[in-house]
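Asks: Using the hints, position chain X against chain F.
Number of protein chains: 2
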Amino acid sequence: MTKQDFRIVGKSVKRADVIEKVTGEGKYTGDYHLPGLLHGKIKRAEIAHARITRIDVSKALAYPGVKAVLTHHDVPKVLHYGSPHPRSASCTKDQYILEDKVRFWGEGVAAVAAVSEEIADEALDLIEVDYEPLPAVYDIDAAQAPGAPQIHEVGPGGNLVIPPVHIERGDVEKGFAEADLILEGEFEGGRPVPTYMEPNVCVADWDGSNKLTFWTSTQTSFMVRGALAEVLGLPLNKVRVLVDHMGGGFGAKQDLFQHEFLCALLARKCRRPVKMEFTRRETFIAGRSRHPFRMWLKQGFRKDGTLVARDMKVIYESGAYGSHSPGVTNVGTASATSLYRCENVRLDGRAVYTNTPIAGAYRGYGVVQTYFAIDIQMDEAAEKLGIDPAEMRLRNAVREGDIAPSGHPIVGRGLEACISHGIEAFGWQAKRGADRGVAGRPSVRRGWGIGCEMHGSSAYPGIKEQGNATVKMNEDGSVTLLTGAAGLGTGAHTALAQIVAEELGVTFESVHVVHGDTDVVPWDIGAFASHTTYLVGSAARMAAAELRERVLARGAEKLQEKVENLEMVDGIITARDKPGTSLTVHEAMGPSRGIPAEHLIASGSYMPTKSYSFAAHFVEVEVDTETGIIECRTVVPVHDVGKVIHPIAAQGQIEGGIQQGIGHTLTENYVIDRTNGRSLNAGLVDYKMPLSMDMPDIRTIILEAAPDPGGPWGAKGVGEDPIIAIGPAIANAVYDAIGVRFHHYPITPEDVLNGLRARKKELQDAGI
Amino acid sequence: MTKQDFRIVGKSVKRADVIEKVTGEGKYTGDYHLPGLLHGKIKRAEIAHARITRIDVSKALAYPGVKAVLTHHDVPKVLHYGSPHPRSASCTKDQYILEDKVRFWGEGVAAVAAVSEEIADEALDLIEVDYEPLPAVYDIDAAQAPGAPQIHEVGPGGNLVIPPVHIERGDVEKGFAEADLILEGEFEGGRPVPTYMEPNVCVADWDGSNKLTFWTSTQTSFMVRGALAEVLGLPLNKVRVLVDHMGGGFGAKQDLFQHEFLCALLARKCRRPVKMEFTRRETFIAGRSRHPFRMWLKQGFRKDGTLVARDMKVIYESGAYGSHSPGVTNVGTASATSLYRCENVRLDGRAVYTNTPIAGAYRGYGVVQTYFAIDIQMDEAAEKLGIDPAEMRLRNAVREGDIAPSGHPIVGRGLEACISHGIEAFGWQAKRGADRGVAGRPSVRRGWGIGCEMHGSSAYPGIKEQGNATVKMNEDGSVTLLTGAAGLGTGAHTALAQIVAEELGVTFESVHVVHGDTDVVPWDIGAFASHTTYLVGSAARMAAAELRERVLARGAEKLQEKVENLEMVDGIITARDKPGTSLTVHEAMGPSRGIPAEHLIASGSYMPTKSYSFAAHFVEVEVDTETGIIECRTVVPVHDVGKVIHPIAAQGQIEGGIQQGIGHTLTENYVIDRTNGRSLNAGLVDYKMPLSMDMPDIRTIILEAAPDPGGPWGAKGVGEDPIIAIGPAIANAVYDAIGVRFHHYPITPEDVLNGLRARKKELQDAGI
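Going down the list, the protein sequences come from chains F and X.
Going by my numbering, the residue at position 547 of the first sequence is 547; the numbering climbs one at a time, nothing skipped.
Going by my numbering, the residue at position 355 of the second sequence is 355; the numbering climbs one at a time, nothing skipped.
So here's chain F without its partners, still in its complex pose:
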């Protein structure tokens, strides 16, 4: 953290994968075509809750080109999911690969492998299934009603996924007693889906020694390895999971999916490779969404704005299976201990099963929901107390020494820095004083809002996170980094190569990254919790530092200098006080009496504490009071990342997060018919993501305000942060524009028009 002159870190070097991605030559899982490849498809139930009384696959099996059909009769009776990490409490174990029961509309009930996708699809229609319908619940109220049908036999009962999470600090009643202002409200959120460009896809191939090679688009290749090995009854070294490029994951691809198990089983049955690829529709139906939620929030404030008590109840809708609900509930609930300092908190978090598609991990992981509510109520309090909303946040922002949601102390004053910088850069004061009208467009009102957030790197509950990296120098001085860290498309491998090059003292171009092969790279927990650069970056830096010493020892021998007197920059080893005394790292790799060149391999392993990144988002919206359309015009996102490794990549993360955040706040919502559980908009025609023309002017500011001692040169995560603050910032700006408070997302044009009507009536009733 004390290094002064960075040569590679902090620069937007050209990503090594950029050309192959632009030319289309980069290999994604779907690009693997093996000889004899079969195509697998899943038959999906058209009923939300039922028992299968008969399933007849004989016609499908007889169909020309069909090679195998699997039903619940043919698969191991092993409860899977959950425990993707063997020591994790983040997931539940409540799902069979196939079962004689259906718990949501679209759940897979059989799988076919055939010589083409078309034939597999046609064969699905030939599978006959008889169902005995079961009473179903389609929302959290119905699920929690007395006498409600129970969706699972496992779990604590009452359709709870896990026992309620309860967190209490200080004395909430005492806090409320000291409050000058008490606010109470209910908040809700929809079901946004991480619409990654690359639908889920996998290819399974068994070799003659009964070893499974498995290509899959996953963030967590070692977890997939573990789950496949467990379900298939194999030792870990008989399952090889490979990932090359990925077209996004956003958290959802850290789950274990039904199709992955079925693909492996079909390939084993056919003794031929099998590919299974989701349609876009299936990414909705069988993928993972963010948890819909309902939250009750009561907070007390002193006159000066100080938050003195917080009482909260949040209910996450898990859908038909638990997936990441335990982690989401824990992280989301715990997040409400912080952001704004509060000595007296009482938090209750629950996850509830319903007969709807599965909610899972998605960027922002439970926190998007709670901070949406908290940051809207913070705005309401500011207004009531007559305090500027930005000033209100500055007064309450967590800071150095406060306790983070993970239980660790906060490092530095990152949140205050973000707010202060944003006030300045956005021109907050001037804007808030400006006219809400827009010249020439009488129906349009402008508004300005702020939202804040903090999010942990490596802050997963119940997991001992660990980063590993191996760095080796080849005989010609070129360097290979072996890492299990996944490359979702975020540029993580570029950042890791930068860290290795910087620490080692070679050029960025000389470092090549090998990744995504569980047989050969060191174990990795997977890409989530915004931790790759922080966690694996630290391990890579450790490995590079060790390797550098060994290379310098060789240089010292050749230059007849002391190691302490040498430095290595851009692949040149030089004696510090003798500029002419130097040699290239390639020359240093020549014959030596010391370490043989061929064995210059070093490994680093790092178990972090939790670190927190911070952000404040300042937005300008325009609301058309005739159409109800909200347009987000400008965003100034200010992020504290501790130390930026690749500015353009960090900026890309921030812009992408804002796009997704605008989506779930304004338009994105995967809708389930609450009368029968059917999907109503499983596809990109009816599910509305923001397009490029919907994007605001984004003026990103990246701060290195509060470096974390655990990250490489202080670096912290940035992956999840940008999706969190944008939501409440927009809702607050909309209120600023039209005076209507929304406590839910998405805020649709219909909501706006209804809200305006209600407000008009309210004003009329009040005689204003």
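One thing to keep in mind: the hints can contain errors.
Stated by the list, open to error - Derived pair list, reagent style DSS-like, types lysine-lysine, alpha-carbon separation capped at 25 Å: (1) X:LYS21 - F:LYS211; (2) X:LYS93 - X:LYS77; (3) X:LYS27 - F:LYS238; (4) X:LYS269 - F:LYS238; (5) X:LYS27 - F:LYS11; (6) X:LYS59 - F:LYS269; (7) F:LYS21 - X:LYS211; (8) F:LYS27 - X:LYS14; (9) X:LYS211 - F:LYS27; (10) X:LYS77 - F:LYS211; (11) F:LYS14 - X:LYS211; (12) F:LYS77 - F:LYS93; (13) F:LYS238 - X:LYS14; (14) F:LYS298 - F:LYS313; (15) X:LYS11 - F:LYS211; (16) X:LYS14 - F:LYS211; (17) F:LYS269 - X:LYS77; (18) X:LYS77 - F:LYS27; (19) X:LYS21 - F:LYS238; (20) X:LYS59 - X:LYS269; (21) X:LYS93 - F:LYS11.
None of these hints come from the bench; they were simulated from the model.
Replies: Below, chain X without anything else, positioned relative to chain F:
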């Protein structure tokens, strides 16, 4: 070496690759079919020495389906070969990928990539080449004649590949002066070819980042990586060489081949993957043979059989390029310093270019030739001195403290042990006293002979050999061994897994071997010099020992015992004095305060001294004096391997070596027309290998007589040894049967009949 109870080492465990090899599911390089794959073919010259004056590829390029054609105008002007190991003097650097000159009949002059093999073949005929013939030399006499045409501009001149190797010890003239018997003779050998089952094949694929992935059937993947990187101007981390299963190599596949460079270049030009696969015919024409040789040998003996002087001149025929001639000449010449002890030696070794196909590395590497001569002359001396041939060898055998060809002292008395055991097991005395006739087959004569040999593991000249291995334990206690050692089909990976399992204390089945991927396994020098088990085995054992300590430390924590008090056997950790206090290695991998389970990786690196293995082969032959056919009936091969790791695999090596040795001694000879350089029998119809029905009764005896402190538990190599002693043993047995001495191989039926006629005339002339 002091271990008493082996659980896995020394047992013939079931090879992990056996099922996939038997079912045909095992993947060989030829099994890789990539989407868009093109097929490459090479146009070969039909002239032995010429300059290309014109080469027109326009018709070939216009042929439908042809994607690229390369001639000498299109390839990097880099001299390749040689230096497969960057610090090796074993190979010459005298060949361009393509040149405007042809030096042997069958040399490649152009290459085509097309959508099918057929089209590529057809396109070859459309390439027009005009040659200006050059005077050529087709044998070592013509090549060395004054004024002979010079084949290369590089090298010392006189068609020598390298300056003559000269070794002198003691005082040869003084030795001869003390001798009671001086023998002098000339010896010759043909051109056997290692007819591996899998013809040379490679697949090249470039990715969008300009990285080459290269599957090839090679013994030396890192050398291929180095050569490709050098020729293509890439850093080493931009070339990934992969080998899965191999169908044999026998040394020849440690060379770098013209087709490998051309395949990579064609793929780069087409931006599509390209496969190049030799026909069987091409494995002769463009593969590598053993060096044909001529040798003059003069030795002096005392009356008691003691060898007192040896004067030798050996000339190896290199063919059109140098390939491994420097190594073969050095190793072969140096081998004549030993086997039988002699204080006074003078040795001269040369390699000579001719306009014939290329000789290269082949099991026995120069030593097959020299020991053939030495062991026949030893027999002649025994007869002249009236000493039993086996006794004669016992008196002269090298032993502990003598200096080996490598310059290192011999360990133990392995050769004497082999001879003594063989005398006993073969019933040597009784047989030699028996009648040479065979009841009921009057034309058949029986005979018994002996041959001896020694051969070094890791005894390559000029190379600093090094073995590396990485062993990691997975979360479930299963183990992955990463090694660069090639699996030619010999069972090397099985032996390495045994060594790891034994040292670590887990079951054999729990160890999985990952190999053959230069990106991910530790550097390896390649599979040659009989050194894989010896060299990489030692490194693997070191790595396993380190890993065991880490695993035991975890066990100690959990069992609350001291590490010193624990042992691990078959994956169970037990306290030595408390039989009930135990846990499985899987349990030990559970959460720990110590080393994280996910990072239990250990590496071993080993730079050996040279070790020598020994053998004596006892054979019985039957010679039909009417047809001239020699049948090898029985072989008792006695081998000292120090410590046997996998008895059946070792036995398989010995039987295979004997089969190949019988081949070159009796039938195998790739014949070049000495008037124009054309191949006369490039194929398995006219080139006669011994079939299973030609195989003798082989009664292998494996001794652990002289363990080498450098090998795992004393193990030494066994790969090359069995091909060496069988040749002179057969020649000596033939003499014993019919009284005709042969100083050459192969000894054909025609030779036998001519020999019998000559001997008859000789006896008649002598009036006997």
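Asks: Hint by hint, note whether the structure agrees.
Replies: These are the hints, each one checked on the structure:
1. X:LYS21 - F:LYS211: Answer holds: LYS21 of chain X to LYS211 of chain F is near 14 Å, not above 25 Å.
2. X:LYS93 - X:LYS77: holds, 12 Å
3. X:LYS27 - F:LYS238: Given pair LYS27 of chain X, LYS238 of chain F holds - Cα atoms ~16 Å apart, limit 25 Å.
4. X:LYS269 - F:LYS238: Violated, at roughly 38 Å.
5. X:LYS27 - F:LYS11: violated, 44 Å
6. X:LYS59 - F:LYS269: At roughly 49 Å apart (the allowed maximum being 25 Å), LYS269 of chain F and LYS59 of chain X break the hint.
7. F:LYS21 - X:LYS211: OK: LYS21 of chain F and LYS211 of chain X at ~14 Å, within 25 Å.
8. F:LYS27 - X:LYS14: With a Cα-Cα distance of about 37 Å, the restraint between LYS27 of chain F and LYS14 of chain X is violated, given a limit of 25 Å.
9. X:LYS211 - F:LYS27: holds, 13 Å
10. X:LYS77 - F:LYS211: violated, 44 Å
11. F:LYS14 - X:LYS211: Given pair LYS14 of chain F, LYS211 of chain X holds - Cα atoms ~16 Å apart, limit 25 Å.
12. F:LYS77 - F:LYS93: holds, 13 Å
13. F:LYS238 - X:LYS14: holds, 17 Å
14. F:LYS298 - F:LYS313: Holds, because 9 Å separates the two Cα atoms, which is no more than 25 Å.
15. X:LYS11 - F:LYS211: At roughly 24 Å apart (the allowed maximum being 25 Å), LYS211 of chain F and LYS11 of chain X satisfy the hint.
16. X:LYS14 - F:LYS211: With Cα atoms ~16 Å apart, LYS14 of chain X and LYS211 of chain F stay inside 25 Å; holds.
17. F:LYS269 - X:LYS77: violated, 52 Å
18. X:LYS77 - F:LYS27: Roughly 32 Å between the alpha carbons, so the hint for LYS77 of chain X and LYS27 of chain F is violated.
19. X:LYS21 - F:LYS238: holds, 17 Å
20. X:LYS59 - X:LYS269: Answer holds: LYS59 of chain X to LYS269 of chain X is near 18 Å, not above 25 Å.
21. X:LYS93 - F:LYS11: violated, 43 Å
Of the numbered hints listed earlier, those contradicted by the structure are 4, 5, 6, 8, 10, 17, 18 and 21.
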